[in-house]
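> Read off the chains here:
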Amino acid sequence: MNENIFTTVCPGCSIACGMYVREKDDGTFNIDWRKDAVVNAGKLCRFGVRLPANLKAAVSKVDGNEVELSDAVTALGNAIGDGAAFVSVGNTTCEEHLALMKLAESKGAVVNTGMGAFSAISAECHSTMGVGVPLDAIESAKKIVLFIDPYEQYPLLVRRILAGKKNGATVTAVGWKAVSLADDNKTIDPANYESELALDSDSVIIAEINPSTDPERVMVLLNLAKASGAAIMFMKPFVNAVGCDLASKKTEQKSLDQIIAEINDGSIKTLVCLDSDLIEIMPDETAVREALGKLDNLIVITSRASAIADVANIVVATEPFYKKAGTVVNAEGRAVVGSGEGTDGIDAIGVMLGQPADLFAELNSAVLATLGIDAVDERVIPVYEKPEYGVMDANPTAEEVETALVYAGGPFFWNGIVDDNDFVEMNLDMLTANSLLKGIPAKIVSDKGEVVIKYKVSDVAPGVVLSNMKLPMTTGMVTSVTVSR
Amino acid sequence: MDIGDCYVGWATDEDIRTRGASGGLVTAMLAAALEKGLVEAVVVLKKLGEFEAVPIVTSDPEEVKAAAGSMHSVPIVLSRYLEYGTKVALPAKPCDARSTIEQAKRGQVDIDTTYIVGLNCGGTMHPAMTREMLETVYKLDPEEIVGEEIDKGKLIFETKDGEEHAIKIDELEEDGYGRRESCQYCAVNIPTMADIACGNWGVIGDLAGKGTFVEINTEKGIAILENAIDAGAVEITPADEKGKAIRAKVDGAMMKVAAAADKKYLSPIEGSHLDYYINALSDCINCGACKTVCPVCACGEGAKCTEFSSSSDTYKMSLFHLVRFVHLMDSCIGCGQCTDVCPADIPLTHIYQRFARPIQDEFEYKPGMDMTTPPFFGVDLLEEGH
Ligand SMILES: Cc1cc2nc3c(=O)[nH]c(=O)nc-3n(C[C@H](O)[C@H](O)[C@H](O)COP(=O)(O)OP(=O)(O)OC[C@H]3O[C@@H](n4cnc5c(N)ncnc54)[C@H](O)[C@@H]3O)c2cc1C
Ligand code: SF4
Ligand code: SF4
Ligand code: SF4
Ligand code: SF4
Chain A
1 MNENIFTTVC
11 PGCSIACGMY
21 VREKDDGTFN
31 IDWRKDAVVN
41 AGKLCRFGVR
51 LPANLKAAVS
61 KVDGNEVELS
71 DAVTALGNAI
81 GDGAAFVSVG
91 NTTCEEHLAL
101 MKLAESKGAV
111 VNTGMGAFSA
121 ISAECHSTMG
131 VGVPLDAIES
141 AKKIVLFIDP
151 YEQYPLLVRR
161 ILAGKKNGAT
171 VTAVGWKAVS
181 LADDNKTIDP
191 ANYESELALD
201 SDSVIIAEIN
211 PSTDPERVMV
221 LLNLAKASGA
231 AIMFMKPFVN
241 AVGCDLASKK
251 TEQKSLDQII
261 AEINDGSIKT
271 LVCLDSDLIE
281 IMPDETAVRE
291 ALGKLDNLIV
301 ITSRASAIAD
311 VANIVVATEP
321 FYKKAGTVVN
331 AEGRAVVGSG
341 EGTDGIDAIG
351 VMLGQPADLF
361 AELNSAVLAT
371 LGIDAVDERV
381 IPVYEKPEYG
391 VMDANPTAEE
401 VETALVYAGG
411 PFFWNGIVDD
421 NDFVEMNLDM
431 LTANSLLKGI
441 PAKIVSDKGE
451 VVIKYKVSDV
461 APGVVLSNMK
471 LPMTTGMVTS
481 VTVSR
Chain B
486 MDIGDCYVGW
496 ATDEDIRTRG
506 ASGGLVTAML
516 AAALEKGLVE
526 AVVVLKKLGE
536 FEAVPIVTSD
546 PEEVKAAAGS
556 MHSVPIVLSR
566 YLEYGTKVAL
576 PAKPCDARST
586 IEQAKRGQVD
596 IDTTYIVGLN
606 CGGTMHPAMT
616 REMLETVYKL
626 DPEEIVGEEI
636 DKGKLIFETK
646 DGEEHAIKID
656 ELEEDGYGRR
666 ESCQYCAVNI
676 PTMADIACGN
686 WGVIGDLAGK
696 GTFVEINTEK
706 GIAILENAID
716 AGAVEITPAD
726 EKGKAIRAKV
736 DGAMMKVAAA
746 ADKKYLSPIE
756 GSHLDYYINA
766 LSDCINCGAC
776 KTVCPVCACG
786 EGAKCTEFSS
796 SSDTYKMSLF
806 HLVRFVHLMD
816 SCIGCGQCTD
826 VCPADIPLTH
836 IYQRFARPIQ
846 DEFEYKPGMD
856 MTTPPFFGVD
866 LLEEGH
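Line order of the protein sequences matches chains A and B. Positions 1 to 485 (the working numbering) are the ones given, in order, by the first sequence. Positions 486 to 871 (the working numbering) are the ones given, in order, by the second sequence.
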């Protein structure tokens, strides 16, 4: 009956909703609603509500055998040589990310957050790409333009957008699927965004950057924001993607695709992933598994059990996210800290660096200095400089396929979890054109393979099969497919 | 001591008496129940901030003592934290007490080993609303608040500089602030269904502000109070008739206020009922929180509402909601928890009450008031020839 109650944030996406975790003596836990949390007033989406089912503790392993954490750390120390590559997409605290950066530095390397858009777009844009606007700003905007599906991708935006509407905002959604809260659902050629959307400084653009986002699309949106004076907010699928990006600033970054390519061409032999499961995050799971299989050493430092831990040579299991000490920065740029005091990951890295035990304190000071604050106050967003940037020449790749399987990518998708997302969506015309029958699942075939799956009729763009669950026969966020009965 | 007796009592420990909401009696009683082994655990609110507290289930009397005081901006129902088979006591607003009883009817709570220490309740506020109200109406920084109380229809905040800032609750509510909507029409102020009902109404004269009014409702109520007296933790004196009359009068006045709010908020739906429900629920993101927090729902994971519905359905209104509306018709107590946690800000309590009220009125059945089950539970199918 004894419980430890942690004040924490949901690790499901960059909104970083406040919540409590009630952990029992046996390590199992429940969540509870933290109604005084400024970000979400205690409200959570399905991912947060179902966190106990979604988050399983990690186990330390060496070559498939369970070991003590200290033994895994020793194995880690022996395995990392020069030339290792490091990835941390933002699923952990800023401090743990910084610890990994220190380790990487000692090996002459950097930590990659894997967001290709950041490596492809000039640094003057990074602040705007990283830190968005306060969620309150959505409520007071006159125009809200959505390049995401808030219901699926960032569900705690829904109430903010609805509040904005109540305050008189008009909502336009530009996406694969019509969203019911929008006054207007549109498909617009990127070349015409400016003229068709007619935004101004009272407008807010909400879009997304994930590891698979085409940088050119980001450039188009940055251009749109610049030309119109609209505020822009790029949501990220990882809880501390913004914080980890801020911590990593000024280092050369590689996209996840580049890292996979370098593993395949033999230039990366050892890969260290900190709470970053490339098998779950990247759309072509088979390709990732094949590449990882070519490594001499796959080292995973992780707070949760996931697919990549099953294939790693070394797994260093750290405490669950809610127990970690440290800072998280959400999509607004808001810094939050939980009540956790765990520093397993940082201590493990400290051992390798021969650092004294107070490495956490040193890293925490560095994080506060980066944020320009003395202490974290979740109710006060630090001030970020957003330098002016120049207009960019952007040519997003048009998806020229007849029928496209497209991923929306919600929290369940990014965490590789099958929940109530085991179906695809398409419009009625697709059904008739492909002779689908009610109650009989659809067969979806790509060059790589096929799946037979339930479908739902929705107001999805013509030629699009939308999925929020990753299917094994995909090659990218958009895959050319055929659909049949 | 007999059922029906009324007393004014207080904690003998000066610190508890001062920190307690009225006389610290509830805290002293709960702590003594633990100390003397009457119960193994107590549910209380652990205070984390002026507007933030989290329910804990504790065997440590010190944690119970630390929890003294009423938190009006912590709208949480405590019955969800009870564990079957544990001898337990909990402070209970009417919604805490009523849901405990509904859970007992469904075999989730053992009523014989659960001591329900009732608290009168005039309502709670959502902390996010409280903060906004402080900033926009009171023109105060929420971080400056060190205390809050409700007195003579006014909501009073005390700031660090010792100043008190009072505004009439009626005025606040006219502007959309104040108590949660569900509390405005909640008509049960005195928890007559609890083992013992405690409050500050009816404490007059020298004891005003320093004593807790208690009414004994059950044998368990006698047991928990006598236990505390035996332990030397509380003292009581019989309540005088004037105090009792004042308490009844304020209760009556509050019921009238609730009836007016009922009219204001739960007026009949205009136009198509189906359209109303479809529209009201159109932004549901299927999080399941409304079910998880519902303190009268006794279904676990494999419930009808979840098993019969899927995000892949294309119904205009999800079966999850339809099943829940029907399933909770007899038991929804209008506690407001579902509205509080809905990430799409759907006024769920309002909608559930709209469904539940007519049937509860028709059968003259009010859930959670005692252990009797609704009339339609009692229909003998065999007798009816099925
Ligand atoms: C929200 C609220 C509204 C109230 N409104 C009225 C009213 O209108 N008229 C009236 O006569 N009395 C009201 N009361 C009761 C009154 O404030 C005192 O709680 C009661 O008189 C007992 O006083 P005490 O000093 O003995 O309690 P204390 O010794 O202070 O013990 C109070 C106990 O209540 C628990 N508690 C505090 N806040 C909450 C909460 N939000 N939900 C559940 N448990 C809580 C604490 O954990 C503690 O165990 C209200 C109480 C609450 C919590
Ligand atoms: S997944 Fe995102 S929106 Fe959902 S509860 Fe977690 S942080 Fe909030
Ligand atoms: S629903 Fe009733 S008993 Fe519960 S907090 Fe509101 S007014 Fe009090
Ligand atoms: S349906 Fe809502 S208001 Fe009714 S009892 Fe459940 S949580 Fe409370
Ligand atoms: S809490 Fe709200 S969003 Fe979640 S399932 Fe219930 S109605 Fe839907």
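Derived from the structure by calculation, the hints contain no laboratory data. We put the beta carbon where it would ideally sit given N, CA and C, even for glycine. Just to be clear, a hint being listed does not mean it is correct.
[Said to hold, decoys possible] What follows is a list of derived Cβ distance ranges for each label pair:
{"no.": "1", "chain 1": "A", "residue 1": "Ser365", "chain 2": "B", "residue 2": "Asp646", "range": "54 to 64 Å"}
{"no.": "2", "chain 1": "B", "residue 1": "Gly632", "chain 2": "A", "residue 2": "Lys456", "range": "31 to 41 Å"}
{"no.": "3", "chain 1": "A", "residue 1": "Ala227", "chain 2": "B", "residue 2": "Thr621", "range": "47 to 57 Å"}
{"no.": "4", "chain 1": "B", "residue 1": "Leu533", "chain 2": "A", "residue 2": "Ala163", "range": "49 to 59 Å"}
{"no.": "5", "chain 1": "B", "residue 1": "Asp646", "chain 2": "A", "residue 2": "Ile373", "range": "51 to 61 Å"}
{"no.": "6", "chain 1": "B", "residue 1": "Gly756", "chain 2": "A", "residue 2": "Lys166", "range": "39 to 49 Å"}
{"no.": "7", "chain 1": "B", "residue 1": "Asp487", "chain 2": "A", "residue 2": "Asp136", "range": "49 to 59 Å"}
{"no.": "8", "chain 1": "B", "residue 1": "Pro860", "chain 2": "A", "residue 2": "Asp429", "range": "22 to 32 Å"}
{"no.": "9", "chain 1": "A", "residue 1": "Lys454", "chain 2": "B", "residue 2": "Thr857", "range": "23 to 33 Å"}
[Stated by the list, open to error] Which stretches of chain B does chain A cover? Using the computed rule of at least three CB atoms under 8 Å from a CB of chain A, they are:
{"no.": "10", "segment": "682-688"}
{"no.": "11", "segment": "797-803"}
{"no.": "12", "segment": "823-834"}
> Confirm or reject each hint.
Against the structure, the hints come out as follows:
1. Ser365/A <-> Asp646/B: 54 to 64 Å: For Asp646/B against Ser365/A, whose Cβ atoms are near 34 Å apart, the range 54 to 64 Å is violated.
2. Gly632/B <-> Lys456/A: 31 to 41 Å: 53 Å, violated
3. Ala227/A <-> Thr621/B: 47 to 57 Å: 35 Å, violated
4. Leu533/B <-> Ala163/A: 49 to 59 Å: Roughly 26 Å apart at Cβ, these two residues miss the hinted range, so it is violated.
5. Asp646/B <-> Ile373/A: 51 to 61 Å: Since Asp646/B and Ile373/A have Cβ atoms about 27 Å apart, the given range 51 to 61 Å is violated.
6. Gly756/B <-> Lys166/A: 39 to 49 Å: 20 Å, violated
7. Asp487/B <-> Asp136/A: 49 to 59 Å: Taking Cβ atoms as reference, Asp487/B and Asp136/A lie about 56 Å apart, which means the hint holds.
8. Pro860/B <-> Asp429/A: 22 to 32 Å: The hinted range 22 to 32 Å is violated for Pro860/B and Asp429/A, with Cβ atoms some 52 Å apart.
9. Lys454/A <-> Thr857/B: 23 to 33 Å: For Lys454/A and Thr857/B the Cβ distance comes to about 45 Å; the hint is violated.
10. 682-688: violated (count 0)
11. 797-803: holds (count 3)
12. 823-834: Satisfied; 6 residues make the cut.
Hint compliance for this structure: hints 1, 2, 3, 4, 5, 6, 8, 9 and 10 are not met, and every other hint is.
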